[in-house]
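**Student:** With the hints as constraints, model all of the structure from the sequences given.
One line per chain: the protein sequences are S and W, in this order. Read in order, the letters of the first sequence are residues 1 to 658 in the numbering used here. Read in order, the letters of the second sequence are residues 1 to 137 in the numbering used here.
A few of these clues could be false.
Simulated crosslink set (BS3-like; lysine-lysine; CA at most 25 Å straight-line) [unchecked claim]:
(1) S:LYS24 - S:LYS53
(2) W:LYS52 - W:LYS4
(3) W:LYS39 - W:LYS20
(4) W:LYS39 - S:LYS484
(5) W:LYS19 - S:LYS484
(6) W:LYS39 - W:LYS128
(7) S:LYS110 - S:LYS139
(8) S:LYS483 - W:LYS19
(9) S:LYS468 - W:LYS20
(10) W:LYS39 - W:LYS89
(11) W:LYS20 - S:LYS483
(12) W:LYS102 - W:LYS126
(13) S:LYS563 - W:LYS69
(14) S:LYS364 - S:LYS351
(15) S:LYS468 - W:LYS121
(16) W:LYS121 - S:LYS480
(17) S:LYS372 - S:LYS359
(18) W:LYS19 - S:LYS479
(19) S:LYS45 - S:LYS73
(20) S:LYS484 - W:LYS20
(21) W:LYS69 - S:LYS484
(22) W:LYS39 - S:LYS483
(23) W:LYS39 - S:LYS563
(24) W:LYS20 - W:LYS121
(25) S:LYS479 - W:LYS20
(26) W:LYS4 - W:LYS133
(27) W:LYS20 - S:LYS480
(28) W:LYS19 - S:LYS468
Simulated DEER-style distance windows between Cβ atoms [stated by the list, open to error]:
(29) W:SER81 - S:PRO371: 50 to 58 Å
(30) S:GLU568 - W:SER81: 25 to 33 Å
(31) W:TRP73 - S:LEU426: 30 to 38 Å
The set of hints was computed from the structure by calculation and includes no laboratory data. These numbers come from a predicted model, not from an experiment. Just so you know, even glycine gets a beta-carbon here, dropped at the ideal spot from N, CA and C.
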Amino acid sequence: MSVQLSGIESYHILDTEPSEQFDKLTQLAVKICNADAAFVSLVDKDRQWFKSKVGFDHSEAPYSKTICQNMIKENLSHLYIPDLSLDETFKEYLACVEFGVRFYAGFPLKSADNSILGSFCVIGYEPQLLDEVQLEFLKTMADQTMILIESHKLNYELSLQAAQLEKRRIVTDTAAVIGKLGGLYLDLSGKDIFWTPSNNVLFNLRMDYAMTFEEFESGTFTIDNSAVSLFEKIRDFSISLTALDSKYSFDYETEDRRIEVHCELFGRELYVVFQDVTVEYRLRQQLQMSEMEAVRTANNYKSLVNNSTFYICKTELDGRLSFYNDFYATELGMSPLETSGDAIDFFHSVKPGYLDYVKEAFFKVASGIEPKCRVLVKETNHKQEEVANLWDFIGLKNSENELSEVLCLGYDVTELEENRVQVQLLADYTAFQNKKLLEYNSIVSHDIRSHVANAVGLISLMDLISDKDEQQNYFRLLKKEIKKTDRTIIALNRLTSKTSVFESGKEPVSLYHLIEQVFELLRKTKPHARFTAVNNTPLDLIIFSIREYLENVFLNVFANSLKLVSPERELQIEIAAVQITNSMLQIKIEDNGIGIDMQQYGDEIFKIQRPLKDTQYGNGIGLYLVKKQIEALGGRVDIQSEDGKGTNIALEFLNYED
Amino acid sequence: MRIKLLIIDDDLVSLLIAKKYLTVSGFEEIVEELLIFNKPIDGLNLLFAAEKTHEVCQYWILLDINMPKISGWDFLNKVESLNLENDVKVIMVTSSISEEDKNRAASFSSVFGYISKPLDKRKCTKIKQIILKSDNS
Numbered sequence: 001m002s003v004q005l006s007g008i009e010s011y012h013i014l015d016t017e018p019s020e021q022f023d024k025l026t027q028l029a030v031k032i033c034n035a036d037a038a039f040v041s042l043v044d045k046d047r048q049w050f051k052s053k054v055g056f057d058h059s060e061a062p063y064s065k066t067i068c069q070n071m072i073k074e075n076l077s078h079l080y081i082p083d084l085s086l087d088e089t090f091k092e093y094l095a096c097v098e099f100g101v102r103f104y105a106g107f108p109l110k111s112a113d114n115s116i117l118g119s120f121c122v123i124g125y126e127p128q129l130l131d132e133v134q135l136e137f138l139k140t141m142a143d144q145t146m147i148l149i150e151s152h153k154l155n156y157e158l159s160l161q162a163a164q165l166e167k168r169r170i171v172t173d174t175a176a177v178i179g180k181l182g183g184l185y186l187d188l189s190g191k192d193i194f195w196t197p198s199n200n201v202l203f204n205l206r207m208d209y210a211m212t213f214e215e216f217e218s219g220t221f222t223i224d225n226s227a228v229s230l231f232e233k234i235r236d237f238s239i240s241l242t243a244l245d246s247k248y249s250f251d252y253e254t255e256d257r258r259i260e261v262h263c264e265l266f267g268r269e270l271y272v273v274f275q276d277v278t279v280e281y282r283l284r285q286q287l288q289m290s291e292m293e294a295v296r297t298a299n300n301y302k303s304l305v306n307n308s309t310f311y312i313c314k315t316e317l318d319g320r321l322s323f324y325n326d327f328y329a330t331e332l333g334m335s336p337l338e339t340s341g342d343a344i345d346f347f348h349s350v351k352p353g354y355l356d357y358v359k360e361a362f363f364k365v366a367s368g369i370e371p372k373c374r375v376l377v378k379e380t381n382h383k384q385e386e387v388a389n390l391w392d393f394i395g396l397k398n399s400e401n402e403l404s405e406v407l408c409l410g411y412d413v414t415e416l417e418e419n420r421v422q423v424q425l426l427a428d429y430t431a432f433q434n435k436k437l438l439e440y441n442s443i444v445s446h447d448i449r450s451h452v453a454n455a456v457g458l459i460s461l462m463d464l465i466s467d468k469d470e471q472q473n474y475f476r477l478l479k480k481e482i483k484k485t486d487r488t489i490i491a492l493n494r495l496t497s498k499t500s501v502f503e504s505g506k507e508p509v510s511l512y513h514l515i516e517q518v519f520e521l522l523r524k525t526k527p528h529a530r531f532t533a534v535n536n537t538p539l540d541l542i543i544f545s546i547r548e549y550l551e552n553v554f555l556n557v558f559a560n561s562l563k564l565v566s567p568e569r570e571l572q573i574e575i576a577a578v579q580i581t582n583s584m585l586q587i588k589i590e591d592n593g594i595g596i597d598m599q600q601y602g603d604e605i606f607k608i609q610r611p612l613k614d615t616q617y618g619n620g621i622g623l624y625l626v627k628k629q630i631e632a633l634g635g636r637v638d639i640q641s642e643d644g645k646g647t648n649i650a651l652e653f654l655n656y657e658d
Numbered sequence: 001m002r003i004k005l006l007i008i009d010d011d012l013v014s015l016l017i018a019k020k021y022l023t024v025s026g027f028e029e030i031v032e033e034l035l036i037f038n039k040p041i042d043g044l045n046l047l048f049a050a051e052k053t054h055e056v057c058q059y060w061i062l063l064d065i066n067m068p069k070i071s072g073w074d075f076l077n078k079v080e081s082l083n084l085e086n087d088v089k090v091i092m093v094t095s096s097i098s099e100e101d102k103n104r105a106a107s108f109s110s111v112f113g114y115i116s117k118p119l120d121k122r123k124c125t126k127i128k129q130i131i132l133k134s135d136n137s
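**Tutor:** Here it is in structure tokens:
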């Protein structure tokens, strides 16, 4: 059997501090064996080191010169020499010669694998005998020592593992703190608790605090902050009857954190995990806020886009609509029945007469020639009414800076257009007023002046001529001229003063009956006139006006028709009335007479016919009066005629519906 | 040169006054004939008729502006558009005092004078001067 000396390093015992446990054994051995000294030696490569020693001070000895070395080398069960001086081998040894040792008894320290680590020995300075019991005792001491050595080795290994475990614990704790995780484990039947140190960070507790099972069980926690109620909740859960094998989670707000708590009960074991979700929670709140903000903004834009004033749409470069707002869809979009699945194009509602014009402007923008363009477009809306819209076309570029879409912004200007027309009407009236003033001036300068000139001429002739009869004649002519002058002035006065009277006398007038009365009057005053009257005026149409003026107007218009009768056919006068806007009534009077050559006389129809002195009622001044009276009633006259075919006169009055 | 003087005016009193003053002012000495027309159309007809006879004659016309059916302007337009062989020269005699009429009259090449009514001796002398001056040049 081979003896192995190596392996002593694996026990990590060499050069360690003295140990009471070993020393007790050696002291006991000295007493039991009545020896002078005892020791536990361990064999290193070239020395013998004493783990325990009683009776001498050396801590080690050179291995090659020791008695133990002899015993170990020979693999002896023990070595017992009562007197070294009598032994041939040992009497030369250092112990004997140098230190005066005469007695030696040693037992080897054998490990489980039979290798010898050292020895347990007693020595004396006098020769000594040991009995059987003493020797057996020494063997037991050697075995006991070996157990201590093995225990030392195990302790050492355990301490290493403990250190490792401690490192791992520190890492785990650190990770738990950094990861903001905490935990609690409770064995409710075993009354055990495991408290994760990172909890102290999560709940701002003293770093040396650890919850005890008693604290938990009694519910009186030695925690000095609000976290108490959190643990009370966990405790309530653990003792509730329904909690068995169930989970329970809740959020908990501490002074500075938000903690998610997850509890799970398996039988009588409770696992609790704490997770600090403060950052996530704040982020989530911020996210929700931004989300709400985004939704609000989106709604704002949506409400802007879906207004009831502006049309907003986008088209592809070829004019196909890719987006349109609700207002566009309801006013100008196609009805669901008409939409055939194909994308509708922007031009679908444009009136044919405007199509080329609109397309030209649109494609200028779509092709990049112009960045934007504005057009006034007449379109047909969903009610099939004509509307006027002002459109802006604006080219839109994509992220590659290429023209990709056209933004179309539209505004309904129908009302503005109508206002513009009315303003134009007003301007026309004003221009007419002005022209009338000029005509008035012209009447004064032509007609009155001619009478005065004649009078002056006659008077000068009366001076020139001496013949009495002739003078008498001139005097008679002079009187005539003055009378004519007077009549002209009266007529002019009547003409101009009438305009200011009308405001007072307005009343509701049934147009149909008024026209019938005028025809009757015409038949009575002109019994020889042959004509047919077709009165298509609605029976229920009431206009708010001055009866006498209206009578005069129609009388003059019909009289004009009677003057222009075609020799080829009997005269027919047809009248119709229609409310063309809510403030404008149009009355159309059509005859089939010879008409008026508009190119030759167009400008002069409404002028006072020259000369005024030949004027009979309704002659010469007739249409002038018509225009004047209509104008006084807040309307206008339009005349259209084709030579030989008849005359159409349109009278427009301001007349408000209801 | 033979001169014929036409007075065209729809106003009978005015014609009477004109005739009286022209006579008093000695127009018989410079004109061969004094013709008076109440309707412009009659005056025009005379001019057309004279064309056909190839009678070489200078016509001076005292023309009113404000007349029914054919006004003085219509008359002037007609005369100037016909490109008559005979020399037709016009002096406007009108009751109008408007600047517009005066300017309009000046735009016709055949108008040589603009006299406001009523005629008197002084104005007749002026007409005489216009006629003689034009004849000499």
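**Student:** For every hint, state whether the structure bears it out.
**Tutor:** Here is what the structure says about each hint:
1. S:LYS24 - S:LYS53: holds (10 Å)
2. W:LYS52 - W:LYS4: holds (16 Å)
3. W:LYS39 - W:LYS20: holds (19 Å)
4. W:LYS39 - S:LYS484: holds (21 Å)
5. W:LYS19 - S:LYS484: Answer holds: LYS19 (chain W) to LYS484 (chain S) is near 22 Å, not above 25 Å.
6. W:LYS39 - W:LYS128: holds (24 Å)
7. S:LYS110 - S:LYS139: holds (11 Å)
8. S:LYS483 - W:LYS19: holds (23 Å)
9. S:LYS468 - W:LYS20: holds (16 Å)
10. W:LYS39 - W:LYS89: Distance ~18 Å between LYS39 (chain W) and LYS89 (chain W) Cα, so the pair holds.
11. W:LYS20 - S:LYS483: With a Cα-Cα distance of about 23 Å, the restraint between LYS20 (chain W) and LYS483 (chain S) holds, given a limit of 25 Å.
12. W:LYS102 - W:LYS126: holds (17 Å)
13. S:LYS563 - W:LYS69: holds (16 Å)
14. S:LYS364 - S:LYS351: holds (20 Å)
15. S:LYS468 - W:LYS121: holds (21 Å)
16. W:LYS121 - S:LYS480: holds (24 Å)
17. S:LYS372 - S:LYS359: At roughly 13 Å apart (the allowed maximum being 25 Å), LYS359 (chain S) and LYS372 (chain S) satisfy the hint.
18. W:LYS19 - S:LYS479: Holds, at roughly 20 Å.
19. S:LYS45 - S:LYS73: holds (13 Å)
20. S:LYS484 - W:LYS20: Holds. LYS484 (chain S) to LYS20 (chain W) sits at ~22 Å (cutoff 25 Å).
21. W:LYS69 - S:LYS484: holds (21 Å)
22. W:LYS39 - S:LYS483: The hint holds at about 24 Å.
23. W:LYS39 - S:LYS563: Answer holds: LYS39 (chain W) to LYS563 (chain S) is near 23 Å, not above 25 Å.
24. W:LYS20 - W:LYS121: Answer holds: LYS20 (chain W) to LYS121 (chain W) is near 10 Å, not above 25 Å.
25. S:LYS479 - W:LYS20: holds (19 Å)
26. W:LYS4 - W:LYS133: holds (16 Å)
27. W:LYS20 - S:LYS480: holds (19 Å)
28. W:LYS19 - S:LYS468: Satisfied, since the Cα-Cα distance of roughly 19 Å is no more than 25 Å.
29. W:SER81 - S:PRO371: 50 to 58 Å: holds (57 Å)
30. S:GLU568 - W:SER81: 25 to 33 Å: Distance hint for GLU568 (chain S), SER81 (chain W) holds at roughly 32 Å.
31. W:TRP73 - S:LEU426: 30 to 38 Å: holds (33 Å)
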